[in-house]
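Student: Okay, here's what each chain looks like letter by letter:
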Amino acid sequence: MSTAVKQALVLAVGGLLTAGVILRLARRRLLTTRYALGWLGVGLLITVAAALLPFVGRLGRLANMTPTAVLLTMSSVILLAISVQLSISVSLLQERLRTTAESHALLARRVEELEQRVG
Amino acid sequence: MLVLVPAFNERDCIAAVVADVLGAGYECLVVDDGSVDDTAALAEAAGAAVVRLPINLGVGGALRAGFRYAVGHGHDCVVQVDADGQHLAEHIADLLAALTAQRLDMVVGSRFANGGDHPMSWVRRRCIGALSWAIARTGATRLTDPTSGFRAIREPLLGAFAHDFPHHYLGDTFEAVLVATRRGYRVGEIPVTMRPRQGGRPSADLPASFSAMVRVCTVWLTGTTFDLPHRPD
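Residue numbers (my numbering), protein chains in the order written: chain F, 189 to 307; chain D, 1409 to 1641.
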């Protein structure tokens, strides 16, 4: 078996494994569909990349990169994109949590005031 | 008019601060910023209205909750006072007088205006100087003490702050002033004297101050901060 085929097999197995784990997590409701879809996409992309490894190799030669380097670069970009997306989500959640906490406190105060008025 | 006191673990001073404010004849709201001590209970016992945040949001979070409370209760003006006893209730009247006399939206009580001085470390004094310079660059106003937490704010700025207000360290003071002046709100200052803090612990240690300065520089250079609607005429 040539090195390229071995590499492709390892990649394909890794991709399918990722997709499998993500599906399982989504089924157990540990991941919402929104995030599960993104990660499923990554898993499938890896599998597809494995199947297209010869093509990836040719793409790499254009930029003077080995096929491994091409794949690593692609995965770094994808991971970067996902982290940025998560940071955006966290920032949004922080702001929402803050507003909710404030509203909660103001409502609690309002209830107190009403209770005092009712006696 | 409402006096707003954001408080986080200030059990040593809060009762005295509330008593001061009520004694001067003002309505007092303490926003307890998720304290783990009995700040809220002490403030209530001293006679203040208390809003208890369920989690610690930082000074800015407590302030926005207070602004929302003020707007919801029909106040058109708030005076913000620190819970550590640094600010003297007798200056509240001066802040309010300056609001109307100078037709301002916000008045900051400054420790350094008119050549005033206040004991603090050399580094800290220089940092405040740099922030003051940054605000002067907007061309609208010269504030000698932009990190002061002793301020009077009135409509329409109060409503704008109730809607959007930064919650990280220095965001509530420097950035709020910077954005307000950029958006056409009139901000001024009056000289006040402040006592050394009467108890409790400062809210920012050295690493926090350092990261805040890095943040402030980024904000100033890139404009990546909260925003306000332009002042309605």
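No wet-lab data here; the hints were simulated from the structure. Any given hint could be a false lead.
[What the hints assert, rightly or not] Among chain F residues calculated to face chain D with C-beta under 10 Å, some are:
{"hint": "1", "residue": "Leu228"}
{"hint": "2", "residue": "Gly231"}
{"hint": "3", "residue": "Ser263"}
{"hint": "4", "residue": "Gln282"}
{"hint": "5", "residue": "Ala289"}
{"hint": "6", "residue": "Glu290"}
{"hint": "7", "residue": "Arg297"}
{"hint": "8", "residue": "Glu301"}
{"hint": "9", "residue": "Glu303"}
[As the list claims (entries may be wrong)] Away from chain D, derived, C-beta distances all over 10 Å, residues of chain F:
{"hint": "10", "residue": "Thr191"}
{"hint": "11", "residue": "Leu197"}
{"hint": "12", "residue": "Arg216"}
{"hint": "13", "residue": "Val230"}
{"hint": "14", "residue": "Thr235"}
{"hint": "15", "residue": "Val236"}
{"hint": "16", "residue": "Gly248"}
{"hint": "17", "residue": "Ala257"}
{"hint": "18", "residue": "Leu285"}
{"hint": "19", "residue": "Arg286"}
{"hint": "20", "residue": "His292"}
{"hint": "21", "residue": "Ala293"}
{"hint": "22", "residue": "Leu294"}
{"hint": "23", "residue": "Ala296"}
Glycine included, every Cβ here is placed at the ideal spot set by N, Cα and C.
Student: Could you run down the list of hints and mark each one as holding or not?
Tutor: Cross-check of the supplied hints:
With its C-beta approaching chain D no nearer than about 33 Å, Leu228/F sits outside the 10 Å limit, and its interface hint is violated. At a threshold of 10 Å, the smallest CB-CB gap from Gly231/F to chain D is about 35 Å, leaving the interface hint violated. Hint status for Ser263/F: violated, given a least beta-carbon distance of 29 Å to chain D, over 10 Å. The beta carbon of Gln282/F is positioned within 10 Å of a beta carbon in chain D (closest approach about 9 Å), and the interface hint is therefore held.
Against a cut-off of 10 Å between C-beta atoms, the interface hint on Ala289/F holds, since the closest Cβ of chain D lies about 5 Å away. A distance limit of 10 Å between C-beta atoms decides the matter here; for Glu290/F the minimum to chain D is near 4 Å, and the interface restraint holds. With a cut of 10 Å, the hint placing Arg297/F at the interface with chain D holds, because the nearest CB-to-CB distance is about 5 Å. Evaluation of the Glu301/F hint against chain D yields a held restraint, the C-beta minimum of about 8 Å falling below 10 Å.
Checking Glu303/F against chain D by beta carbon gives a least distance of about 13 Å; that is not within 10 Å, so the hint is violated. The Cβ of Thr191/F sits about 47 Å from the closest Cβ of chain D, beyond the 10 Å cut-off, so the non-interface label holds. Its beta-carbon lying about 46 Å from the closest one in chain D, Leu197/F satisfies the requirement of being farther than 10 Å from that chain. Listed as outside the interface, Arg216/F is consistent with that label: its C-beta sits roughly 28 Å from the nearest C-beta of chain D, beyond the 10 Å cut-off.
Under the 10 Å C-beta cut-off, the non-interface status given to Val230/F relative to chain D holds; the minimum distance is some 30 Å. No Cβ of chain D approaches the Cβ of Thr235/F within 10 Å, the least distance being about 39 Å, so the stated non-interface status holds. With 10 Å as the threshold on Cβ separation, the claim that Val236/F sits away from chain D holds: the shortest Cβ distance comes to roughly 38 Å. Remark: the non-interface label on Gly248/F is consistent with the geometry, its nearest Cβ contact in chain D lying 37 Å away (cut-off 10 Å).
Taking the minimum C-beta to C-beta distance to chain D, about 34 Å, the non-interface status of Ala257/F holds against the 10 Å cut. A cut-off of 10 Å between C-beta atoms contradicts the statement that Leu285/F is not in contact with chain D; the least separation is 8 Å. Under the 10 Å C-beta cut-off, the non-interface status given to Arg286/F relative to chain D is violated; the minimum distance is some 6 Å. At the 10 Å boundary, the C-beta of His292/F falls inside the reach of chain D, the nearest C-beta of that chain being 6 Å off.
Against the 10 Å criterion, Ala293/F falls within the reach of chain D, whose nearest CB is about 5 Å from its own CB. A Cβ of chain D approaches the Cβ of Leu294/F within 10 Å, the least distance being about 6 Å, so the stated non-interface status is violated. Under the 10 Å C-beta cut-off, the non-interface status given to Ala296/F relative to chain D is violated; the minimum distance is some 6 Å.
In terms of the numbered hints stated before, the structure departs from hints 1, 2, 3, 9, 18, 19, 20, 21, 22 and 23, listed from lowest to highest.
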